[in-house]
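Novice: Sequence order for the protein chains is U and G. Note that my numbering gives residue 151 to position 151 of the first sequence, counting from 1, and the numbers run on in steps of one. Heads up: take any position in the second sequence, counting from 1, add 498, and you land on my numbering.
Source of the hints: derived by calculation from the structure; they are not laboratory data. In this text, all values refer to a predicted model and were calculated from it rather than measured experimentally. Do not rely on the hints blindly, as some may be mistaken.
Just some of the chain U residues that point at chain G, by a computed CB distance under 8 Å [to be verified]:
hint	residue
1	TYR73
2	ASN162
3	LEU173
4	ILE255
5	LYS360
6	ASP388
7	ILE426
8	PHE444
9	GLU448
Here are some chain G residues the structure puts well away from chain U; computed CB gaps all over 12 Å [said to hold, decoys possible]:
hint	residue
10	GLN504
11	LYS516
12	GLN519
13	GLY527
14	HIS529
15	PHE531
16	ASP535
17	LEU537
18	SER653
19	TYR679
20	LEU706
21	LEU721
22	ASN735
23	GLN796
24	HIS801
Don't be surprised by glycine CBs; every beta carbon is placed ideally from N, CA and C.
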Amino acid sequence: MAFDPSTGQFEFQNWDLEKVLSDLKTELPAEALLHKTAQLAPYECDGLSAYRKIPKMVVLPETLEQTQFIVRYCHHRQIPLIARGAGTGLSGGVLPIEQAIVLSLAKFNHIKKLDPLQRLAVVEPGVRNLAISEAADPYGLYYAPDPSSQIACTIGGNVAENSGGVHCLKYGLTVNNILGLKIIDSEGDLITLGGGECLDSPGYDLLALMNGSEGLLGIIMEITVRLIPKPESAQVILAAFDKMSDAGRAVKEIISSGIIPAGLEMMDKLAIQAAEDFVHADYPIAEALLICELDGTQVEIDQQMSQIESLLKNCNAHDLRLSENEAQRALFWAGRKAAFPAVGRISPDYYCMDGTIPRKELPDVLDKIAEFSRQYGLRCANVFHAGDGNLHPLILYDANQEGELEKAEQFGADILKLCVDKGGTITGEHGVGVEKIDTMCHQFHSPELVQFHTLKAQLDTNGILNPGKAIPSLHRCAELGAMHVHNGELPHPEIPRF
Amino acid sequence: MSTDNQINIVEQVEQALKTQQAVSIRGSGSHDFMLADYLENDVVDMTSHRGIIDYQPSELTLKARSGTTLKEIREVLGNEGQRLPTDIPLYEDQATLGGAIAIGHSGSGRPFLGAIRDHILGVGMLNGLGEVLNCGGQVMKNVAGYDISRLLCGSRGTLGPILDITLKVLPKPEHQITLHYELEENTAIETMNRMAGMPLPITACVFLDHRLYVRLEGNEPGLQQAEYKLGGERLDNPDQFWQQVQQQQHPFFIENQQPLWRTIVPTTAPKLELENHHEHMIDWCGGLRWIYSAELTQSDFIHITNVGGYVESFRGQTPTAPSALMTPLQNSFHQKVKTAFDPDNLFNPVLSNFL
Ligand SMILES: Cc1cc2nc3c(=O)[nH]c(=O)nc-3n(C[C@H](O)[C@H](O)[C@H](O)COP(=O)(O)OP(=O)(O)OC[C@H]3O[C@@H](n4cnc5c(N)ncnc54)[C@H](O)[C@@H]3O)c2cc1C
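With the rest of the complex left out, here is chain U:
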């Protein structure tokens, strides 16, 4: 068997390139089949470029029927298949594995329908996130989830990762903004999930199941997204703090006050400095910076903003700056949105983490991260979606220095374990991919992992869809020694441990 659901182990046979090429050519044009090294190079990694592997073959279908043919073919031949959007993922979700074919959905980039009265759009998976909002703009509507990568990432990738953005505190993640999907299942059949143009559907919430499934449960071919009215106005306030703990307290006070900001972001000194040097966003240099956006009608904002200002002052904020116009608001965001590349300028390499914690643990977790930073001798810049407790510590390292990458990875793993121990999770929005496969063992016990594998095995009997990602095999967790031990008994004692 290619895939064993009780353990999550899989094994795929070697296949003959010439044979597969000639078989696929019966339904696909030659240009849609890439197999020369130069053509394959762009597909060797995603946004997590520390992991790379040239795939054996890439297919670029143009029609639904071609895609179904490919999936059916791979199912019968037991060839692993990796769906790929724009490749901006940050967890190695599209990293090729041995013997895999990469299925690029780049050609599916059409908006099939946009109905302003119904406030929805029906789009193909390769449509870029921002393109949807641009198409909806003339009607005063937009698609709310806005990952920082929105100019490049695809909506199919967004669904597969359940991506978030700075505005998801108020408007939700991808899962909350999708109404329906058409997927190709592992056997090549096209299935409609969710309500589509309806707001409900009979049976289980399979739409939710597909969100964040990282290409393991089906190929997403069509997405019905919800569009919402663009707020009449939006305003940003910046606040500087001398102590991280004061900024953390301000976050808590704002949320408890009953106001849900459209965005509530925090940066630490290293990140502020880097962003300021890079984009000159007019940030005050301080230990911590809070960026709070309110949206709605101007009168609503005015009232809430005065409340926020006094809350901030009570938490010892200084240098309060309120955006006076759209240009200034954009500038205030520019620093935050460019934080990753800005940090990229001050270090040869950085490693971005994505843990989420209950907001109240913020000060404590930040202290611990600072302690790890000293221990490992690596700097760490903190940028995060403070409003929903989603941290993005950026660990700075130099891959050319012997052993630094491993140190950075170990540092990152320590942060993620800390997040789990504080009641949080190892990933808030970037997904598990290959990157966090080991820390999954820390978050889940074996019954959950077995359940995940069983579910996958039911929906993908030959285990061809993006195998090895997202859910660790039990062997792997056992080897890591991270498997939770219940009542002194090891789960699955039959599995050998090394």
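With chain U held as given, fit chain G with the ligand onto it using these hints.
Specialist: Just chain G with the ligand now, kept in the frame of chain U:
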């Protein structure tokens, strides 16, 4: 009121597994009227597993055992100026949180505030192997592992008993007003959809008896401005109106003795032209049509399908099995999910007949 009955529930499921005798998972029974008779097996009584486990107002999260009543949760949240994030239909005071999720129906706020599933952060559950699974968590964002928590919405106990649930809760808006307008039905449907596309704090639109009701929530200046834009008349005692709609205590829901049908259509679908129908009400900004009819005709069903929707019997008629509303491929997808969680078909077998 708080009792932790997990040990007994686990034991009951382990027993079922050992004897291969199916069990019926039941909350307060407030939705029995819309379900096929599924109580033929030993009942696992989820109301015995109740109580709020953890409530953190400043985190906007609440974790409760599945048998906790919605009423209790509302009261506890209300004391802190918070509420459940979307209206959840509540027909009886005894209705439980677990039952609400297993049924998965949402109230009038659905198009604006989201469905009940949109506010689930995590669940603890038992699968058909008698194993406790903890999925999701207590934080706002979590994409580790498949989303088992939301998958359970609409599962009607067929994937296993839900033990506890963590919800995202929200602050209560400062004020609420309701505007109403006398309109012909098709004009009302278009009007509500147009209004929903405007940047205004609308949280519900209902049409009943030639009248469109639009609920707005927010701070005083925001509402005044919206009212100025939208015109219309202010409804006296709006809380009572919305409560009656949510709890199906409105005269529309109690005075008519005919069978009631829950019809889901695209929000912009025009007035349904049905052969055999008595009266109806529009909720969900057009997306939900409550219809009284002794019996819908074949051409009524076809009409509803043609506008892109579906209809299920809600009360007073043979319950519609969700499987009857699915394509064969959707059916088999459901069956696979069911098998993955409950391979021996131990949980609510009557409600699990997908094929
Ligand atoms: C600079 C930068 C900033 C970022 N900021 C954010 C942010 O703010 N928030 C956030 O959440 N993420 C962010 N990301 C991460 C990334 O952009 C998102 O995860 C995005 O959703 C990935 O989309 P993609 O099209 O690039 O998918 P890919 O990277 O191509 O694929 C991602 C995963 O989805 C699967 N997949 C892709 N398409 C399909 C499909 N049609 N059907 C089934 N499976 C599919 C792949 O197999 C893979 O597992 C950022 C990335 C970068 C580089």
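Novice: Work down the list of hints and note, for each, if the structure agrees.
Specialist: Going through the hints against the structure:
| no. | hint | verdict |
| --- | --- | --- |
| 1 | TYR73 | violated (19 Å) |
| 2 | ASN162 | holds (5 Å) |
| 3 | LEU173 | holds (6 Å) |
| 4 | ILE255 | holds (6 Å) |
| 5 | LYS360 | holds (6 Å) |
| 6 | ASP388 | holds (4 Å) |
| 7 | ILE426 | holds (5 Å) |
| 8 | PHE444 | holds (6 Å) |
| 9 | GLU448 | holds (5 Å) |
| 10 | GLN504 | holds (15 Å) |
| 11 | LYS516 | holds (18 Å) |
| 12 | GLN519 | holds (22 Å) |
| 13 | GLY527 | holds (21 Å) |
| 14 | HIS529 | holds (15 Å) |
| 15 | PHE531 | holds (17 Å) |
| 16 | ASP535 | holds (19 Å) |
| 17 | LEU537 | holds (21 Å) |
| 18 | SER653 | violated (5 Å) |
| 19 | TYR679 | holds (18 Å) |
| 20 | LEU706 | holds (18 Å) |
| 21 | LEU721 | violated (9 Å) |
| 22 | ASN735 | holds (24 Å) |
| 23 | GLN796 | holds (20 Å) |
| 24 | HIS801 | holds (15 Å) |
This entry does not satisfy hints 1, 18, 21, going by the numbered hints stated previously.
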